[in-house]
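Asker: Listed here are the chains, written in short residue letters.
Protein chains: 4
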Amino acid sequence: MVRVGVLAASGYIGGELLRLLLQHPEVEITAATSRKYAGEYVFRVHPNLRGITELKFSPNDPSKLTSSTDVVFAALPHGESVKIVPQLADAGLRVIDLSADFRLSDKGEYPSWYGYDHPRPDLLEKFVLSVPEINREQVKGARLVASPGCMAITAILALAPLLKEKSLGIDREHIVVDAKVGSSGAGGKPSLSTHFSERFSVVRPYKPAGHRHAAEIEQVLAAMAGEKVKVSMSAHAVNMVRGILITSHLFTATAVKPLDVWKVYRSMYTGSYFVRLVRDKQGPFRLPDPKLVVGSNFCDIGFEIEERTGRLVALSATDNLIKGAAGNAIQSMNLMLGFDEKTGIAMAPLHPV
Amino acid sequence: MVRVGVLAASGYIGGELLRLLLQHPEVEITAATSRKYAGEYVFRVHPNLRGITELKFSPNDPSKLTSSTDVVFAALPHGESVKIVPQLADAGLRVIDLSADFRLSDKGEYPSWYGYDHPRPDLLEKFVLSVPEINREQVKGARLVASPGCMAITAILALAPLLKEKSLGIDREHIVVDAKVGSSGAGGKPSLSTHFSERFSVVRPYKPAGHRHAAEIEQVLAAMAGEKVKVSMSAHAVNMVRGILITSHLFTATAVKPLDVWKVYRSMYTGSYFVRLVRDKQGPFRLPDPKLVVGSNFCDIGFEIEERTGRLVALSATDNLIKGAAGNAIQSMNLMLGFDEKTGIAMAPLHPV
Amino acid sequence: MVRVGVLAASGYIGGELLRLLLQHPEVEITAATSRKYAGEYVFRVHPNLRGITELKFSPNDPSKLTSSTDVVFAALPHGESVKIVPQLADAGLRVIDLSADFRLSDKGEYPSWYGYDHPRPDLLEKFVLSVPEINREQVKGARLVASPGCMAITAILALAPLLKEKSLGIDREHIVVDAKVGSSGAGGKPSLSTHFSERFSVVRPYKPAGHRHAAEIEQVLAAMAGEKVKVSMSAHAVNMVRGILITSHLFTATAVKPLDVWKVYRSMYTGSYFVRLVRDKQGPFRLPDPKLVVGSNFCDIGFEIEERTGRLVALSATDNLIKGAAGNAIQSMNLMLGFDEKTGIAMAPLHPV
Amino acid sequence: MVRVGVLAASGYIGGELLRLLLQHPEVEITAATSRKYAGEYVFRVHPNLRGITELKFSPNDPSKLTSSTDVVFAALPHGESVKIVPQLADAGLRVIDLSADFRLSDKGEYPSWYGYDHPRPDLLEKFVLSVPEINREQVKGARLVASPGCMAITAILALAPLLKEKSLGIDREHIVVDAKVGSSGAGGKPSLSTHFSERFSVVRPYKPAGHRHAAEIEQVLAAMAGEKVKVSMSAHAVNMVRGILITSHLFTATAVKPLDVWKVYRSMYTGSYFVRLVRDKQGPFRLPDPKLVVGSNFCDIGFEIEERTGRLVALSATDNLIKGAAGNAIQSMNLMLGFDEKTGIAMAPLHPV
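Residue numbers (my numbering), protein chains in the order written: chain H, 2 to 354; chain Z, 2 to 354; chain S, 2 to 354; chain E, 2 to 354.
Since the hints were made in silico from the structure, they are not lab data.
Heads up, some of the hints might be wrong.
No copy is singled out in the list; a pair is fine if it fits within one copy or between any two copies.
[Claimed, not checked] With a straight-line Cα cutoff of 30 Å, these simulated DSSO-like cross-link-like pairs (lysine-lysine) come out:
1. Lys229 - Lys264
2. Lys343 - Lys57
3. Lys264 - Lys208
4. Lys127 - Lys229
5. Lys84 - Lys141
6. Lys108 - Lys127
7. Lys190 - Lys264
8. Lys108 - Lys141
9. Lys65 - Lys229
10. Lys141 - Lys65
11. Lys127 - Lys231
12. Lys57 - Lys282
13. Lys190 - Lys282
14. Lys231 - Lys37
15. Lys190 - Lys37
16. Lys141 - Lys208
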């Protein structure tokens, strides 16, 4: 059994990591830390885990983690992770970081996107930004992994193959990424914006410009395209708890055919269990919809072509807490440790829910 | 009192017309027709109107309408309106049509967008496509008016001023209109797609390409710009009943400043009660959100600028059944008949709801 | 024009009072107070009122109110109202209080239900607990009125006629009042319980025993029955913002017939516009449902009889912010001032919403 | 591997059986029947299973099932099951029936509750009504099992221990069972009642009297109490897809203490993994709430005591498709076949969702 720790386990991503890891056959959770809830039973903060675990939160103490764990998942806020994770990395632990602190490979990006100078640029080279369906082999060999943001993962999976394939002629200056997300992505801290009466039935454009996930997406897409790519991203909060739909509007130099797009996706994703290509001719779910991935690690991808405007609309859907966060991280761990990547995270989505 | 008839009054738009007209101080409803429910009390189909009206549905008989009404609102499906409305128009009635059958001024567009040859192209010239905030004077003089689709109205109000103002340098080839709409826009007919268990918590991309409202939007924008405009539209069903948010992604030739955009909007909308310009620095509702217009005839408009990508994001929100349909139609009637345009439709939005 | 003030106008009930009073033809709002937001525009706190009013909040200063207003609506929290309202009452203002501080006529009830000794028992005799459909004449003559809690109003309207009519033989020891309420009744203050991700899709039994509204209901029912009545109340939070459904389970000494119950309701409510008796044989809305009263001052009442168990199930539905609070209060004001009771509050419910 | 068939696998309960059985380590699904979809891929009807199974529906042919399966789950509608299941039972298959056709042990109950004379009363004696936490040993020895209705299971688990324990002095004449249920319990067939715009945000009292599940509950409670028990049941549809909350209002002869009730529940449920006793002093989830069991086979049970009215309020929550149907059925199969009862159904609930 691998000894696993979860840093900052009291948030929604932390709770989802615990829920999944408790059911993982190769893993023993030896630490679940929380500054605020140290000493408290985990099930008091994550009441869905009542009756399932008697685990208690421990303090956020990196030195304890180095002795009690082999792998650490860090679910700390941006700016906090960079203060703690380096000690774990230096001590030789395997780390899967879910903050943004090790996602961008260029240290020069941190001041503008996150407002701080990165204190450990040396680590940025060592961290692999993991989307296993895109860079599985790299992840297998990694000891340090950063898991992208939930919207970034979902967008990357739809866009990477399209940008990689030059023959599609994607216009790299006019890529619009329009995101619709559930409330759980915003975390568990109450505020007026998340007060039920104010949040119910909204379509709230909470970040129409300047969303930080654009930086991660551009980084991966540029690597795919071998050229700079500009991502125009807008994020909207909608009336649900779990799930993301990313609508990517792309313009192509010349007309593309559905079969061309199919081929591009298939050539990258054949063999990737967690990507499902969805394009049905009947029923209510002809294209990706977050409703159909809730509870699972799937990313559903589909597309439509509009000849009249020279547009390719790519659609991708995930459960933001699973494939968008905890699931992608555990999948990465599975690869790093030589397990089948599906181990412990192959649950089917719930429907209807 | 003006004698008013509502053709096809059993649908959601018909019901909303009745609800509002019943409270309109200058109007008497003399006919509410329904093929299916003729003879039945209106409140059996629209149970919110229990205790409010004893009106009964009458058959869809145009000849009766010509004698009993001065103004007719036609809420028939596309393709049906064109069979009935011409008789009313020929008889000299004032008609406000809410179908698509008289929206497009170029008869050549009907075969490709709606699949039929228009039988009365002469009427297309006489019908005014009414968005009072854009063409109030034209509407005042009209006897025949077409009310645009709910998404079209909402998009047009955000986009028309921007396209009209040349100095903004809007790129007319890459206009992305990403719509998020509630269920009521799809009408009252049950199907598997609208079955609650299948529809709850979705973000369903039901028309990512080829949406018909694009034709209306392009027509108005082209008139504004004095040049052809291409609209790339995608529509998504989200987890609510009422409301539309339109996110329009525009690219500008050179950097634009917030003040420039403010000026453009103000110069068109000052004096227009039903357009509210929204851009607050605090609180949960800094930008337009359909939640804040529910129950009212308002269209809220806001925007954000992303320098890095040269993008202007315009946001507009309406209650799809009111400003998107029944309210816009009644506002048009008010103008046609010389009433204050707010008469009977100046209700404040409900909040929270 | 009557000069009206709203005390504590920044909450949801305060906001609803403002929204409705702004559209009331006989009223001028001369004060809207808020301790926290004094000096701020009302529309910053109630953003639905953007573009509708330029009113600003003033401090909670009773001495200013006595000179600037004729009628005051007090929407203060329980325990706060009793500190301020007496000054207004003593100064001769008409007051409609929406807290619990003047609802119970027996001062002896305050320590056990609300934890304080009532400082002004003399006022308890002067305040009329107003449910106009039950005690319209009393309200007409009152200068001081208390409006019951939203669940109490809804339950009282269904139960009072049944308890009054002895021939039904209602068992006064086993009256179960099972309430299902939307989030807006809990007010606008964020907390973990009202955090969207924690509150969405719940059926939360937040007060299965000991709910304070039981005291008000028992007081009114005892007056109706002429005998002590015991109310067993439980309240549940459900997944919506507006609305209350009260399911009252009653046991009868002998079998009752539907017609008997109809008669009892009709004899009390004929002529009461805001009570609708609902019992349809077809359609989705055969019995009261809060969905059908949203946006209106209606209380829908219906019932079903279960012979096998000797049970009468009475159902009542309101919009908790309107008939359950602001609407009932304005209706009371209308009566106190000699206006038609419907003035300014006769809006039809929205549907669908 | 046990060969398992699912009869009528195209409904929501059928889909849930398939989803869970596909992940069951001891089971091979050898048949999934559907009259309507025979020959079609299962994932076309249950799109959450895309990429998970290539199974196709086969016709509802009992003779084929007898050769290809060892165990059959029958998810047929009431009245249909009784036509097909007897052949399977007579052929010696193990059958777990999820309809009502074999739930009531007294054939005399069928005409009044279900409107037909039971054609095979001999089978009624052989079928065990399975709620493993109540009658585990009986289920272990059974070859034919009926799984109660979702509301019945949820109510029985809260009520059976209380009725069994005489010292609590439960009044058996005034037991009110007030149910709040999600939409999935009503199945997958579209209708006006389930049309999203009509069903969203309702609290619909769809069966205030005469609910059939009362018969099952009374049967089990009478067996527990050793005396006749009368259940007064009302069912309400609320704004969610999955989940049931049952609020049971009980009156006790003398005052009961929390500790007494705890003891009663503990003595019956200690060792039963799937029952969680919930009564927390803090947090939003102090008592059972369906939100906290979604995706799991748990039934959460809690209670509150109201001395003033002599009332004991028992609360129980389940995921209606799992512990309320498919999960309870698979748990029963596990016991019948000698597996650990948790096999394949020990998933933790999702939160938040």
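Asker: Look at each hint and say if it fits the structure.
Answerer: Hints versus structure:
| no. | hint | result |
| --- | --- | --- |
| 1 | Lys229 - Lys264 | within (24 Å within a copy, 34 Å between copies) |
| 2 | Lys343 - Lys57 | both (27 Å within a copy, 24 Å between copies) |
| 3 | Lys264 - Lys208 | between (34 Å within a copy, 23 Å between copies) |
| 4 | Lys127 - Lys229 | within (22 Å within a copy, 51 Å between copies) |
| 5 | Lys84 - Lys141 | within (26 Å within a copy, 56 Å between copies) |
| 6 | Lys108 - Lys127 | within (13 Å within a copy, 63 Å between copies) |
| 7 | Lys190 - Lys264 | neither (43 Å within a copy, 37 Å between copies) |
| 8 | Lys108 - Lys141 | within (24 Å within a copy, 61 Å between copies) |
| 9 | Lys65 - Lys229 | neither (43 Å within a copy, 61 Å between copies) |
| 10 | Lys141 - Lys65 | within (26 Å within a copy, 47 Å between copies) |
| 11 | Lys127 - Lys231 | within (25 Å within a copy, 46 Å between copies) |
| 12 | Lys57 - Lys282 | between (49 Å within a copy, 18 Å between copies) |
| 13 | Lys190 - Lys282 | between (41 Å within a copy, 20 Å between copies) |
| 14 | Lys231 - Lys37 | neither (40 Å within a copy, 45 Å between copies) |
| 15 | Lys190 - Lys37 | both (13 Å within a copy, 23 Å between copies) |
| 16 | Lys141 - Lys208 | neither (34 Å within a copy, 39 Å between copies) |
Against the hints set out earlier in the document, violations occur for numbers 7, 9, 14 and 16.
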